[in-house]
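Since chain A is already given, all that's left is putting chain B on it; use the hints.
Chains as they are written, first to last, in this note's numbering: chain A, 262 to 325; chain B, 144 to 608.
Simulated from the structure, these hints should not be mistaken for laboratory data.
Treat the numbers as computed from the prediction; the structure is a model and nothing was measured.
A couple of the hints might just be wrong.
One-sided and incomplete, this derived list gives chain A residues near chain B with beta-carbon spacing under 10 angstroms [stated by the list, open to error]: (1) T268; (2) I275; (3) A276; (4) L280; (5) L284; (6) D288; (7) A291; (8) A305; (9) V311; (10) G312; (11) R314.
Simulated pairs of lysine to aspartate or glutamate, EDC-like, Cα-Cα distance not exceeding 16 angstroms [said to hold, decoys possible]: (12) A:K310 <-> B:E505; (13) B:K384 <-> B:D246; (14) B:K182 <-> B:D379; (15) B:K473 <-> A:D286; (16) B:K605 <-> B:D307.
All C-beta atoms, glycine included, are put in the ideal place defined by N, C-alpha and C.
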Amino acid sequence: MSGALLTPKLVFTIAAEQLRLPLLDGDLDAIVGLLEELSAETVAMHSVKVGEREPATTYDPSLS
Amino acid sequence: MTVPTETCLQIIRRVQGRECTARSIVDAYLARSEQYQDKYRGFIQLTPDLARKQAERVDAIIGMGRKLPLAGVPFAVKDLIDVRGTATTAGCQVFKNRLADQDATIIKKLVAVGAVFMGKLNMHECAFGHSGDNSSLGRCLNPWSDSHSPGGSSSGSAVAIALDLCPIAIGSDTGGSIRFPAATCGVLGIKPTYGRISRAGALPLAWSLDHLGPMTRTAEDCALILRVLAGNDPADPSSSKQPAVDYSEEISKPLTGVRLGVPTNWFFDDLDADVASSITKVIDQLIEQGATRVDCEIPFLSEMRGAHRTILFAESANYHRPYLESQPEKYSPGVRHLLQTGLFISATDYLQAQRVRRYAREQWVKCFSQFDVLVTPSFNRPMAPIESASSGDSRIDGMGGRAILDTLWPFNLSGYPALTTPCGFTTRGLPIGVQFAARPFDEAAILRTAHQFQLITDWHLKRPS
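Just chain A, with the same shape it has in the complex:
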């Protein structure tokens, strides 16, 4: 989810209607903040030209 699109209202709606996730005091602001930070952290990951590679489905590092 792009950090630029996030608002507390949107996160609340997704939590309530899609995830059916009960939120306690302080949860909403913390989630919004973390999602914004996570979004910034993943910019470089999204820029990788992975070509036709399939996702890693085996994690044995000797088999790339």
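Same frame as chain A, now just chain B:
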């Protein structure tokens, strides 16, 4: 009573040679553990009755003239590993009454060769954090400084080795959770190759990043334990079929001709002055032992960082989702927020992370062909005092800047083996660790480097006063 400052090898020799009993050894370690429990809270649960029963069984077997590879060696495990009849809490109120109905594979393997289980060790709640000081079942302290956390998430495992509460402690490592507390507490810890040690019977944080591994004081002991723990396990679908190696034999080889990779990027960025000085000295000492230096650039680390975060958040949230729905109040707020956040990661982002993981691993194969062992600091700066490192804060470590675990998680995403061993102290008296990493399934290379380093230094023998 035996003073419990012995290595595993010394204990095995004495018990197997009938100089003392396994029962007397475990009694001494239990007494020491009880003595330090109130202050340091290394354990969540000690199991003295089970320990004494297992020790007496070992003595009976030895009495029949049989040999056991780990005769009478006490061990303890991070409290996310199942031991039949005990609770596996993961340091969290949600799992406080989760009784295990069978032993994890690693417990079966250790007990079968004569090791004696002592109890369950403290940890950062759900293994999701690096400070180790917020367990809802009791805060763990760093034996080197009352004002510092021991690091996490395998905090109790590191404290147990640093205080000689047991000679082997098992931890888990999803983004540095064995190596960070081990380095912070001045002990040795290894995260083997992904799939090297079975995870069957261990409560997960993120399945595709989780590794189990031992902490010990010496590389010799670690080699011995890894030989027992390594190997395929049908109960763990991610367990590798690569044959285990006699690591004890491999580590005695000198470093002559070993190509030592020294990264020119990432791992040495923003380094604390004391850490920089210690690591420079380690490199010089290894070169004096016959290793040759190869400067190298480790590719794709910025891209891998986002992939590691995405996979960690998504997989952990997926596992915890039923509990987040039914009993969210039982998590501490900081950990709950991290887990809830993972539920908002899209499937396409998760798949992009796994594609980047595959791509980065392909680049790493080429890079790691230039050297045999990579040397890096185990952390770029020591842990801050407890009040400023509170894990009640759910900010992601180092978000937007250099993170304290940035030297460690690359080996979880790649699955490559890495270990930390002590190599000095800061001017404030806190331990510093050096990390060695190698190609997949070449644990022998990093254990050999650590052993040869320990032969010419005594950092691993230092104990908190």
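Is it true that the CA of K605 of chain B sits at most 16 angstroms from the CA of D307 of chain B? holds (11 angstroms)
Checking hints one by one. Is A291 of chain A an interface residue toward chain B, by the C-beta closer than 10 angstroms rule? holds (4 angstroms)
Using 10 angstroms as the Cβ threshold, decide whether T268 of chain A counts as touching chain B. Check failed: Cβ of T268 of chain A comes no nearer than 13 angstroms to chain B, outside 10 angstroms.
Holds or violated: is there a CB of chain B closer than 10 angstroms to the CB of I275 of chain A? This interface hint holds because 7 angstroms falls under the 10 angstroms limit.
Regarding the hint that R314 of chain A lies at the interface with chain B, is the smallest CB-CB distance below 10 angstroms? holds (5 angstroms)
Hint consistency between K182 of chain B and D379 of chain B [alpha-carbon to alpha-carbon, up to 16 angstroms]: violated (37 angstroms)
For the pair supplied as a hint, K384 of chain B and D246 of chain B, confirm whether the alpha-carbon distance does not exceed 16 angstroms. violated (22 angstroms)
Grab the minimum C-beta distance from V311 of chain A to chain B and call the hint holds if it beats 10 angstroms, violated otherwise. It holds, given that the least Cβ distance between V311 of chain A and chain B is near 4 angstroms, below 10 angstroms.
Is K473 of chain B within 16 angstroms of D286 of chain A, Cα to Cα? holds (14 angstroms)
Restraint outcome when L284 of chain A is required to lie within 10 angstroms of chain B by C-beta distance: OK, holds: L284 of chain A within 10 angstroms of chain B, min 8 angstroms.
Using 10 angstroms as the Cβ threshold, decide whether D288 of chain A counts as touching chain B. holds (6 angstroms)
Satisfaction of hint between E505 of chain B and K310 of chain A, Cα-Cα up to 16 angstroms: Holds, at about 13 angstroms.
Checked against the numbered hints above, the structure breaks hints 1, 13 and 14 and satisfies the rest.
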